[in-house]
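Colleague: Listed below, chain by chain, are the residues.
Number of protein chains: 4
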Amino acid sequence: MNIATPPPGGQRIPVAVLGATGSVGQRMVSLLADHPWFEPRVLLASERSAGRKFSEAASWILPGPIPAAVADLEVLHVGAPPDVPLVFSALDASVAGAAEKTCAEAGSLVVSNARSHRYDRDVPLLVPEVNADHLDLLPHQSTTGGIITNPNCSTIGLVLALKPLSDRFGVRRVSVVTLQALSGAGLPGVPSMHVIDNVIPFIPGEEEKLEKEPLKILGTLKGSHVEPADLVVSAQCNRVPVLDGHTEAVSIELASGASEDDLWEAWVGFRGEPQRLELPSAPRQPIHRIRRPDGPQPRLHRDLEGGMATAIGRLRTCPILDFRFVLLSHNTLRGAAGGSLLAGELAMARGLVPGVTGM
Amino acid sequence: MNIATPPPGGQRIPVAVLGATGSVGQRMVSLLADHPWFEPRVLLASERSAGRKFSEAASWILPGPIPAAVADLEVLHVGAPPDVPLVFSALDASVAGAAEKTCAEAGSLVVSNARSHRYDRDVPLLVPEVNADHLDLLPHQSTTGGIITNPNCSTIGLVLALKPLSDRFGVRRVSVVTLQALSGAGLPGVPSMHVIDNVIPFIPGEEEKLEKEPLKILGTLKGSHVEPADLVVSAQCNRVPVLDGHTEAVSIELASGASEDDLWEAWVGFRGEPQRLELPSAPRQPIHRIRRPDGPQPRLHRDLEGGMATAIGRLRTCPILDFRFVLLSHNTLRGAAGGSLLAGELAMARGLVPGVTGM
Amino acid sequence: MNIATPPPGGQRIPVAVLGATGSVGQRMVSLLADHPWFEPRVLLASERSAGRKFSEAASWILPGPIPAAVADLEVLHVGAPPDVPLVFSALDASVAGAAEKTCAEAGSLVVSNARSHRYDRDVPLLVPEVNADHLDLLPHQSTTGGIITNPNCSTIGLVLALKPLSDRFGVRRVSVVTLQALSGAGLPGVPSMHVIDNVIPFIPGEEEKLEKEPLKILGTLKGSHVEPADLVVSAQCNRVPVLDGHTEAVSIELASGASEDDLWEAWVGFRGEPQRLELPSAPRQPIHRIRRPDGPQPRLHRDLEGGMATAIGRLRTCPILDFRFVLLSHNTLRGAAGGSLLAGELAMARGLVPGVTGM
Amino acid sequence: MNIATPPPGGQRIPVAVLGATGSVGQRMVSLLADHPWFEPRVLLASERSAGRKFSEAASWILPGPIPAAVADLEVLHVGAPPDVPLVFSALDASVAGAAEKTCAEAGSLVVSNARSHRYDRDVPLLVPEVNADHLDLLPHQSTTGGIITNPNCSTIGLVLALKPLSDRFGVRRVSVVTLQALSGAGLPGVPSMHVIDNVIPFIPGEEEKLEKEPLKILGTLKGSHVEPADLVVSAQCNRVPVLDGHTEAVSIELASGASEDDLWEAWVGFRGEPQRLELPSAPRQPIHRIRRPDGPQPRLHRDLEGGMATAIGRLRTCPILDFRFVLLSHNTLRGAAGGSLLAGELAMARGLVPGVTGM
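Residue numbers (this note's numbering), protein chains in the order written: chain A, 1 to 359; chain B, 1 to 359; chain C, 1 to 359; chain D, 1 to 359.
FYI, nobody ran anything at the bench for these hints, they're computed from the structure. Yeah, the Cβ is synthetic: ideal placement off N, Cα and C, and Gly gets one too. Keep in mind that the hints are not guaranteed to be accurate.
[What the hints assert, rightly or not] Now the stretches of chain D that chain C is said to cover, found in silico as 3 or more residues with beta-carbon under 8 Å:
no., stretch
1, 12-19
2, 241-253
[What the hints assert, rightly or not] Partner residues aside, some chain A positions facing chain D, computed with beta carbon under 8 Å:
no., residue
3, Pro63
4, Gly64
5, Glu208
6, Arg299
7, Leu321
8, Asp322
9, Val356
Isolated chain A (complex conformation) (with noise of 0.2 Å):
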């Protein structure tokens, strides 16, 4: 983490984290204790948590202690609204939905991990390298704070590596099959019985989502609303047993002509806007080339930048589309925990959280 920066307003402000239990909310907690501009003041969680210390309530699976700033906080339940500017939610979607919009109604930005507003039409579909122009959707929502969202896991790390070649070349058709972590299903998640000397070859909604948000992300802002992309994604899903890291192999087709050379350039001097601001939690270079004939590897290479680079390797041609290459994106951290603070880092630069002025 890039602690450098200071904050826009030149102190921590306080932040809320919605479902702070669950093993998405772990990894945000874990994050934010030692953040320089954030402090986690309100952790918040289902009935069966709320009033216990959180050192009691959260079944703690990241290695270390729990951070002694948060650890004998209250939990509080989710449903009475967070007096804080800024809310980071990893509730599970059955819940998260209206959770997220109460707190938005009560004026607070909220930046949540889960799908549930993803495609409202006034809401961003968030990954700051990417899209941050989007955020220019906010003043469209009704709410006195806000809504943004962060993407599925799986879709972050694909958008990362499409970005730069779909600025340059043009990306048409993607391939992606996925080889996803078991943290990606959250607490308890996929039973053990289940994935020791095993793969399951389906996840449920992975497919569509990996289909679909791509191409708002990379679609174009049209005032109120995001034009989606020209692009044709055909994902298939599979949970590994692996615990953090998402593998995916993927060929594409791009609009022009490019080489190998040409890929490389576009991806190792990709920078966006969180590199450009120096946000906290923006990698330096968010992909990374893997040159071992082997990598990238879940467990080598996916805490590269504090788990907020994308790794990319074996980029060779494809016999049926143009390219083919492996990523890999350390799904709860770029792919959740990490990628929400990073847009709430972006939206704080931005002026953007309620009663903060920008940098």
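Following the hints, put chains B, C and D in place on chain A, whose structure we already have.
Modeller: Showing chains B, C and D alone in chain A's frame:
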């Protein structure tokens, strides 16, 4: 195993196994122990094992004890060709080529699991249900015995799935991403430090085989050689922490229109010569439809019909090619040891084993 | 399974399974499908499953398809006792106690895998090879049917190993550290995020059971109750990423002197009443000696004799107590479903199943 | 790593690593790259690696890239002793003995991770917190440099847990059953086919080391040799599918009475010479108490204090000996590479590195 069909000549014939102590060799020995046609008489391996009892030379990895029929056989060195009419080879490609040639020259029919002779012009690359007619290449070989090869483990399941479609609708292009089991790498094979909590998106030489072998297998016999099929395959191969069973996510483009029901009908109704001849190792139904939405899965479906059937599920249309599906095939049974035995049985039924009359 | 022994009454009797959709329930149903004495007629489960076909209600986790004989049975709610003479219960302890009592009062003999009634004074805690005589407690029960219990999965392998030593040499103290499989926790059971690249050195309630149950099982029948054995057990229980098969590192102190050969002789020659009666589920030899220096191992030895045998290896002296060894027992076969069936068979052979004459 | 303490002589000294490409060697190189006292100048390995760049010779298995400071170093053959004052050896025991001797004779102080010299009468078997005084054996050695050895990875965690108890209450007997990580077997180490869905209840030579080494480490220095401690250890060792972190289930008998609180107080308050000297690799608190009921666990607690702390949990009385508990120690950090570095630091602080003045 179908034990009802008596051996063509009325009694079991003696066979040898080259490379008996490895992971595929152990499977072969295990299947041969109670085989109704073949009797494992000679076990051969590298210098390190030669001269020891099989039970001491093999670091046994299969559930259950070493079969009593072979436990006390002395392992011989692969240098001298065994005096048996039929030899199964599970040797590593680095030594298989020469050793198999020696056996064929000494008068044995060799069924090989190694890649060494797969592309020899006069050597059948055999999947018994798919290209039994390619056995007509044998008389064109120069040795007194002969060589038949078994394709790569990831090829077999794919070709079995393609054959019925190829016959009825024509197959033009195939995109396949594999999630391959560890046993495919043999012993000692993949270090455990490399695959716990990890996947490896690269298997040396595997993609080349998977892109090339189906063309020969699905090709047309023209006298003394095979004309490759007009087919394009794009393969991306991954190693996953699964013991046995290769999972493959496949997209295909057909030459003529077909519905999902047409494909299922072609697959489920498919039968080949092993089924017509009721060969001992032949599955009754080579392709099984898996109806649960999250199947096939390695642990649940790899052992269908003694590991000799291919399981297919998740058939759906593809926005880029025509259809997508998931297939699963046991890599050391159907994909190696069992496939070799079936090839040997077919050769025997056809009267191609030296000195043995066919069915 | 020994299918040569005909049912005592000449034909299969109808049986019911309580909790048929769970991990142990599925094993029971699987074993009952082709059972020579019992016919699975009624499957019962919780409200969530009731009213659905078994094939739809059960999230099937065993290799191979759901047996045809039960796939279409409608699952009933556990509330109403089934009208069959023999009931196998795989219910969770939270609901087992009352449901089993209801069945027993309605006239069925219940063989339970739950802990609810294990310490009831008049209820046998039965391992058929070990304490068949404890079935004489049954007439002392107040219900018209009756209840027999199966011990905890980690207890059964241990008690089978202790019994032959206890008979010949006396056993005074036992120190046992377990490495237990995931299936012991049922379904959904242990989250995969908790055990990939991990072990958990704690299983709630397990150590207490393993320290207490052997005393009752190895105890002496005194009319209407069992006098506990004079034995001290120290247990430390760990969960490891293994699907099936509990491994136990054991140290023992004997009452009288013995050599390693004496112990092996006692174990290998051990036979109990199930062997004398040739019950269908009885292993021919309850305890197998594993001679390889690195055995027994779960994946290699858990399925010996259909998962009903206990494997022992690595016997050596102990510098603190007298001897040390490693044992392995299949926790959902011998340790649960198979153990329950064997208990049911023993009860039936003895004429203890209501309305059925014994052997 | 405590980077606040400056090197005794004011600047980093050049060091060499023997066996730099293996699994422990990689850890050493990784820790040395940014070490405040030591500068990795010479990397040595077997013939196969010699002459290649380190980045090409090492099959890197640690998360993140190879440190830039060493990536381009040419790997030298272990045959010729490096001209540096301090050498860390991660060689396999089969070659370590002679190579280390050669270095010591050439004038370097060697800190070895191999077992070759552990029982040499004049060689310290060092755990810096436990027996720093054993360094006084060094002047009795005949070489101009010297040899210090690091104990076996499973010994270190155990001895750290025993030391505070031994000092206060006396320890008479210890029964320990281990669940050991795969990295302890090095590279290629345990084949993945052997440990997926499995445990292996045997590690060659391990139990002997774990029963013998603690006696020397906890023994009393008597001039030129160490009088072994009066202690009996019974060890049973298992390999489990965990990447890093040895878990040990321990029972102990004390010489004098103590309460659980007494034990916790002894452990948590324990400090050794590395803590007093604030050595760079020293954990601030060598032993951490884990309060959650299901801890310590390898994935959650192995990295405490950079992998240099021992975690203890589940303390409770034992019905056979006095107390039972579970400990966890990182086997390639504290148990190998990190432990060696700490030993090197202690030697340097004491002025035992040739040509370097101590603190």
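Colleague: Which of the numbered hints above does this structure break?
Modeller: 1, 5, 7, 8 and 9
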